[in-house]
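Listed here are the chains, written in short residue letters.
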Amino acid sequence: MLVVRTDLAEAQAAAWQELGSAGPCFTGAQRVELMQTAIDAYFDRAPLPPWVTPSSVTGRLPANPLSRPVAHDIVFRVAAHAGTLTESWYRSMVDQVGERAYIELVALTCTVVPIISFRRALGLEPWAMPAVVDGPPTNVVAESLASATLNWVPVAAPADQTASVLQAFTALPTENARVWRLAATQYIPNDEMSDPHWTRGTLTRPQIELVAMRVSQLRQCFF
Amino acid sequence: MLRWSGHENGNDVDLDALGQNHPGSVSPLDVALHEFASAAAIGEVDALTTAREHLLGLAGADVLVDSAAIVANFEMMTRLADGTGCRMPAGGVEANVAVVAAFGFGDVVSKR
Numbered sequence: 001m002l003v004v005r006t007d008l009a010e011a012q013a014a015a016w017q018e019l020g021s022a023g024p025c026f027t028g029a030q031r032v033e034l035m036q037t038a039i040d041a042y043f044d045r046a047p048l049p050p051w052v053t054p055s056s057v058t059g060r061l062p063a064n065p066l067s068r069p070v071a072h073d074i075v076f077r078v079a080a081h082a083g084t085l086t087e088s089w090y091r092s093m094v095d096q097v098g099e100r101a102y103i104e105l106v107a108l109t110c111t112v113v114p115i116i117s118f119r120r121a122l123g124l125e126p127w128a129m130p131a132v133v134d135g136p137p138t139n140v141v142a143e144s145l146a147s148a149t150l151n152w153v154p155v156a157a158p159a160d161q162t163a164s165v166l167q168a169f170t171a172l173p174t175e176n177a178r179v180w181r182l183a184a185t186q187y188i189p190n191d192e193m194s195d196p197h198w199t200r201g202t203l204t205r206p207q208i209e210l211v212a213m214r215v216s217q218l219r220q221c222f223f
Numbered sequence: 224m225l226r227w228s229g230h231e232n233g234n235d236v237d238l239d240a241l242g243q244n245h246p247g248s249v250s251p252l253d254v255a256l257h258e259f260a261s262a263a264a265i266g267e268v269d270a271l272t273t274a275r276e277h278l279l280g281l282a283g284a285d286v287l288v289d290s291a292a293i294v295a296n297f298e299m300m301t302r303l304a305d306g307t308g309c310r311m312p313a314g315g316v317e318a319n320v321a322v323v324a325a326f327g328f329g330d331v332v333s334k335r
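One line per chain: the protein sequences are V and L, in this order. For the first sequence, counting from 1, position 74 maps to 74 in my numbering; every step adds exactly one. For my numbering, add 223 to where a residue sits in the second sequence, where the first one is 1.
Derived from the structure by calculation, the hints contain no laboratory data. The reader is advised that the hints may include incorrect statements.
Claimed, not checked - Covered by chain V, per the in silico footprint, the following chain L stretches (three or more residues, Cβ under 8 Å):
(1) 259–265
(2) 271–277
(3) 282–292
(4) 298–312
To be verified - Which residues of chain L face chain V? A few of them, derived with a C-beta cut under 8 Å, are:
(5) Asp-253
(6) Leu-256
(7) Ala-295
Note that the Cβ used here is the ideal one computed from N, Cα and C, for glycine as well.
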């Protein structure tokens, strides 16, 4: 039987459960419903093509979704076809849902996908959806936002003082913290990133990067 | 990161061999990691089962778990980068020309 190290198991479990509670722009019930869209998109071996939205196809979304259909469309596109995203698509989505909601939807997808991917990779049973915690959206946003040159999305001010991936979700501190807690246990703690010899005692750093590179290649991710 | 960390560990990685999915002279563990990462990302059940069992037999459960965690992380990071429009800092592309060429990243849709 496989044993998942404690720090990793706890970080993933906490992240999964957190999605049952309200985020900055969506309620817990909305987030759980959106999680299902991300799961369906990721596991679909023959997903809709990028230019077809699930909201335009009968039966792809709940009959009376708790969130606007465009929110599901964003989650679907990021989960199934992230490598095809363009800035014009981003702008058109933000025109409909707003910047903060867009960031939360991407962060939600970025929480669901690694956890379901991890469990599938190891042949582990999928987790049940988290319990919904009632309550309104938190509206927790960084004190001051700024436009970035290294990202499409706005970030916590001042912008562009750090790498684009590190500032990407800083507009929404709770979403940002959750994603980076996952990264520290799934990959490498950020403080160790510049050490080419860092290891957990299993894979060497080059072996870690080999796996990372292969996934990035298959996902067509230039970054 | 791959090229840099390999060099710093005295083990320059054959990027061309790996990028073309013909690991050639690289170690059996590197091949198993490459196959597992591929199968986990693609998700075809039989191929994933085979790759998982191969890696488990070759390197043990702890390596398998950590490998799955890295796959998971880059399922996350690729979506973070593409979903928020992350751009390379100045000089970032030039510093990684060998990796871009070997893995065909110059042709991907998300290049910007």
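Legend entry - Hints breached by this structure: none
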